[in-house]
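Trainee: Each chain, written out:
Number of protein chains: 8
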Amino acid sequence: MGSDSDLRYMIPAVDVLNDFGVPNETRFVSAHRTPDWMHEYAADAEQRGLLAIIAGAGGSAHLQGMSASETILPVVGVAVEPNPDPMNAAFASEVRMPADGGPLATMGKNEAGATNAGLHVVRFLSHVFPELKQMIRDRMETKAAEVLAKDARVVEIGPHAYLQEQKAKSKA
Amino acid sequence: MGSDSDLRYMIPAVDVLNDFGVPNETRFVSAHRTPDWMHEYAADAEQRGLLAIIAGAGGSAHLQGMSASETILPVVGVAVEPNPDPMNAAFASEVRMPADGGPLATMGKNEAGATNAGLHVVRFLSHVFPELKQMIRDRMETKAAEVLAKDARVVEIGPHAYLQEQKAKSKA
Amino acid sequence: MGSDSDLRYMIPAVDVLNDFGVPNETRFVSAHRTPDWMHEYAADAEQRGLLAIIAGAGGSAHLQGMSASETILPVVGVAVEPNPDPMNAAFASEVRMPADGGPLATMGKNEAGATNAGLHVVRFLSHVFPELKQMIRDRMETKAAEVLAKDARVVEIGPHAYLQEQKAKSKA
Amino acid sequence: MGSDSDLRYMIPAVDVLNDFGVPNETRFVSAHRTPDWMHEYAADAEQRGLLAIIAGAGGSAHLQGMSASETILPVVGVAVEPNPDPMNAAFASEVRMPADGGPLATMGKNEAGATNAGLHVVRFLSHVFPELKQMIRDRMETKAAEVLAKDARVVEIGPHAYLQEQKAKSKA
Amino acid sequence: MGSDSDLRYMIPAVDVLNDFGVPNETRFVSAHRTPDWMHEYAADAEQRGLLAIIAGAGGSAHLQGMSASETILPVVGVAVEPNPDPMNAAFASEVRMPADGGPLATMGKNEAGATNAGLHVVRFLSHVFPELKQMIRDRMETKAAEVLAKDARVVEIGPHAYLQEQKAKSKA
Amino acid sequence: MGSDSDLRYMIPAVDVLNDFGVPNETRFVSAHRTPDWMHEYAADAEQRGLLAIIAGAGGSAHLQGMSASETILPVVGVAVEPNPDPMNAAFASEVRMPADGGPLATMGKNEAGATNAGLHVVRFLSHVFPELKQMIRDRMETKAAEVLAKDARVVEIGPHAYLQEQKAKSKA
Amino acid sequence: MGSDSDLRYMIPAVDVLNDFGVPNETRFVSAHRTPDWMHEYAADAEQRGLLAIIAGAGGSAHLQGMSASETILPVVGVAVEPNPDPMNAAFASEVRMPADGGPLATMGKNEAGATNAGLHVVRFLSHVFPELKQMIRDRMETKAAEVLAKDARVVEIGPHAYLQEQKAKSKA
Amino acid sequence: MGSDSDLRYMIPAVDVLNDFGVPNETRFVSAHRTPDWMHEYAADAEQRGLLAIIAGAGGSAHLQGMSASETILPVVGVAVEPNPDPMNAAFASEVRMPADGGPLATMGKNEAGATNAGLHVVRFLSHVFPELKQMIRDRMETKAAEVLAKDARVVEIGPHAYLQEQKAKSKA
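Note that the protein sequences, when read in sequence, are chains A, B, C, D, E, F, G and H.
For the first sequence, position 64 (counting from the first letter as 1) is numbered 391 according to our numbering, and the numbering increases by one without interruption.
For the second sequence, position 36 (counting from the first letter as 1) is numbered 363 according to our numbering, and the numbering increases by one without interruption.
For the third sequence, position 88 (counting from the first letter as 1) is numbered 415 according to our numbering, and the numbering increases by one without interruption.
For the fourth sequence, position 31 (counting from the first letter as 1) is numbered 358 according to our numbering, and the numbering increases by one without interruption.
For the fifth sequence, position 125 (counting from the first letter as 1) is numbered 452 according to our numbering, and the numbering increases by one without interruption.
For the sixth sequence, position 151 (counting from the first letter as 1) is numbered 478 according to our numbering, and the numbering increases by one without interruption.
For the seventh sequence, position 163 (counting from the first letter as 1) is numbered 490 according to our numbering, and the numbering increases by one without interruption.
For the eighth sequence, position 43 (counting from the first letter as 1) is numbered 370 according to our numbering, and the numbering increases by one without interruption.
The shape of chain A in the complex, shown without the other chains (with noise of 0.2 Å):
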């Protein structure tokens, strides 16, 4: 992350990678206050180990492209916007790099890119640890799950009382 204020937007991705037991870290990396420690982290990464490397950054979000540029491995960008953005900045700096110039793969924003960028890189690393699959395969039924149990709630009591228990849940 670029920053630390990134971090509770980012924590979903430690999250995922932690439900499959893939081991992570989590590092600071400022690209515009720390460029060399950025380049170092960037370059060690993979005689360190390290298998895939996740930035999160909002603004300029030069972070998540210069990584990519400066290692082998692959590199998940996610836009850390919690207000949103009429330039829509960090996306427009991450989608416009150039061919051959580092392949950055752009999820989402904020939680929901972060959800996404750990599972990104779970289904890869799936290849490297075929266990992980099957645990793909679970969650993504348990999330069909949970919508089909509300479907089945909203056939039963109709959308206005569907309504009425979503607020009375909210409230409490």
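Worth flagging that the hints you see were computed from the coordinates, not collected in a lab.
Please note that the accuracy of each hint is not assured.
Computed cross-link-like contacts, SDA-like style, restricted to lysine to any residue with a CA-CA straight-line distance of at most 20 Å [what the hints assert, rightly or not]:
1) LYS470/D x ARG354/B
2) LYS494/C x ASP342/E
3) LYS477/B x ASP363/H
4) LYS470/E x GLU367/G
5) LYS477/G x TYR489/G
Label-pair distances were calculated between CB atoms; the ranges are [stated by the list, open to error]:
6) ARG480/H x ARG480/B: 38 to 48 Å
7) HIS487/F x PHE456/D: 19 to 29 Å
8) ALA472/E x SER497/H: 45 to 55 Å
9) THR469/F x LYS496/E: 55 to 65 Å
10) PRO409/D x ASP363/F: 38 to 48 Å
All residues carry an ideal CB built from backbone N, CA and C; glycine is no exception.
Using the hints, position chains B, C, D, E, F, G and H against chain A.
Mentor: This is chains B, C, D, E, F, G and H only, laid out in the frame that chain A set:
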């Protein structure tokens, strides 16, 4: 790809995979005209032994996200946008995927995006096929050397002469 | 709807259909978490006797377009966007559908969009159930009368007094 | 249509309706140059026996929304935007209609939007003229078959040969 | 105005006209809920002796442009956009009017736009009522003097003290 | 105008004023290259007997707003934007003027904006020169008649023949 | 600054200059309410011994560009945009200045932009006052050290504990 | 510059510096293909005696911001965007730099931006080399004189003749 008109923008992904000796297949799968076929393709992909899917489409660009939702393989999306779209529709469709709803990894658009999509997959596959690592390093060094050679040339002859030389080449 | 958090923004569609005595069902169908269920729902809809589908979802909003691709029923989409999205993702995803790839009819967003989605369906159904025609006319006249009453009031008491009255009401 | 320069982008709507044997008329009605005529056209449409209005216009694109406000018929809007508009004016004008203020159904832009506008209307009319249902299914199957044929071809000859074949065809 | 919720943003236009002694009326006219009334209001405006129309509405904002198309009076539009709209719909709807299709003059949004709409009308009316000219000059000088007084104060006490003073005032 | 390259987009304003017999002058005044001249022009305009200023410029487009701040005459702005600007800079610069900081009236862009700028001024001037009123009505009727004639023609020969006729004309 | 409400967003520029011991003055100059004063301020700035102007304003933001056009001093612009503007008006107004029409240097917005505006000026002034060079280096090292300290802490206690610590601090 | 294809858009910066007799060098430095070289170039720049860096790049445009983070010299950025980018990526990447994270000064795009980048640097350097001051004044006066000459000509022959003359020149 969603349509055969996308092929010319996506072919660099094929070329990158071929450059690295990674076997690959090219298929047309339209989310909106062949939803059953999309469903079948994504659902069978893993059992058929595919390791990743690179999905390219333009406009509403549902192919990328839906594919990610229907397989446990990593899915990498490329926006095909030959005529700049003031709505940025394909990108918007790619980077707003919900958490746990198909972890789609978005690259840039058109040829640059396709090239980087290939490279992103290759980087991940290098954990399965370690011989890819040196090939990645070599390619990055070649690209760097091209820039350095141009830099040496512009230092040697100066910017105006360089520009003339460039124009002469593009005419030739 | 793609998620039960969409319900509060979509309920006006239910209300409109109920106002006109049009039977309807409310279901949760997530394009990304339950693609099989979406597929099944859309494919069976016509045989189950449904006459139209109103699909509401936010973010990447693939539910709307995919539903249109998987049924022969008319599909009307509503963008659920409670927090304004600088990318306009849901709209972009809706209005860039390819020709012959699912004719999705996009309404506005949130409650206004849901209300109008209900009304659009009712207008079409009035060709099947002609008694709806007069009901539509009556509703339009009621809405017009509300504006005219406000106009008469502001003419009567003047703009500053009207504003005071309005503030007083909103406090009460 | 708002202007006769819109005709070439809207003609696919005529073609779709003709393909399905749905009688239709093509008229020029400018919201800004002939507001009286627009008013008259929309007001009389239902009595003249029309079942739906497909309205296409660009720029401020008031024709679509105003038509929806002045009739009880369903109105389907198409944005005519041959030169991409960085303001997305026609779409913005269409999808911000107020609740109960003319339920306008917005399709995509230009030819694709016009095609889908025709198809959306046909889908709704299939509840009045059931013979349209099989025709819709047939058309969807034809479109799917086209994609599958292209897919079979690219599998057969490979992507580079396919691209060559495609270029050769476009020259011929 | 299109709706009575627009009134609080439009009242500065009333205030400006009152400040200059220009008689004015405040009316509610909805393009989408009362198209007939809009038509009647615009058509009769000139004969009733009005000299200009200031039209304020948000969302699709057709009131402004349609009014300009239905009268020979000058029409000045104000976008009512209390919650910033990422689509800039009201502005887009205003500034894409076709040539010779209602010359709509667009001011800024909300209170600032309403104030300036009033002032724009006053400037033009000063050719009919020359006594307005000196009043315009006086108002501009008053506004300038306010800035100069603030400038003198910040020079006197320095920026940090000024900021403290400002915060103290806003609390009081 | 800010630059002589703006002239071809602004000339319709001259033409409209000439059509109505309103005397006018065409001047080049650059906000950024000749700020003193802009200042002088705006400051002297009223004393020289001008009744309004139509200011056209592109890019940062400060000419429009600064002119409105430096005169008591009504100022009407036209955005000159021959190549669509994804930033919408000229419009943004025009419609964000502060309250009481130069009431700038913004029209559309290029030729359409220039035409309507001329018409807006003419409408206001019709209160000073009442003979303009009938001329405005006549022009509006002429424009309406053109649309109605096209409508009659498309009804007569049908849309496909009309399109052929249109293409034939544009070739001739 | 264009208005005294801009002061709280611009004060970091004052603070940076003070940190480096660079004398500075804070003035209110409104492009639209005090165009004469803006003209006078910019024209006299160089003779009064100023070395650079940092101009901050929001909305149409003409102050920045006009200042650059009316002096030979370097002008650095800061967009004051406390509420995100979907039109990005201030930036658009700043970065579309014509060639040779006032070379305006645009920094970011609000406090971050003001801080960097101060630093940009200090960097240039370091060629006139060489003692600033070491001060710049020291400040950059301090900022880097802050990031490294946070990184060491998150490594020490892990991301979840860090987040807890962070929340505890923000409450305290 | 990030790539040699940027040269034709950046050459006006070279020309401006040459016009003022300011020695300069033109180099190719790619943030994404040669991150080490970028690092080295920025780090050594001050010791090599450079006084400022003008960095031009398009797309993700990290070169500008990263350069500012890796040197104590002032850095001036130019967005190279020959084909308008609906995402405004290069600008977004430039103007969202964090406080104290590399004070990047952003100019306009392409040739106009490059010209103004040169002029901005020259203005600052005029504090080191005072003879530049008169040269700046002269250049501004020359540019103003060009506008005034055009204004005199359009007054002399009228707008339509001027337009004819302009068209004749552009053909010659």
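Trainee: Taking the hints in turn, state whether each one holds.
Mentor: Results for each hint:
no., hint, verdict
1, LYS470/D x ARG354/B, "holds (16 Å)"
2, LYS494/C x ASP342/E, "holds (18 Å)"
3, LYS477/B x ASP363/H, "holds (16 Å)"
4, LYS470/E x GLU367/G, "holds (17 Å)"
5, LYS477/G x TYR489/G, "holds (9 Å)"
6, ARG480/H x ARG480/B: 38 to 48 Å, "holds (44 Å)"
7, HIS487/F x PHE456/D: 19 to 29 Å, "holds (24 Å)"
8, ALA472/E x SER497/H: 45 to 55 Å, "holds (49 Å)"
9, THR469/F x LYS496/E: 55 to 65 Å, "holds (58 Å)"
10, PRO409/D x ASP363/F: 38 to 48 Å, "holds (43 Å)"
Of the numbered hints given earlier, the model fails none.
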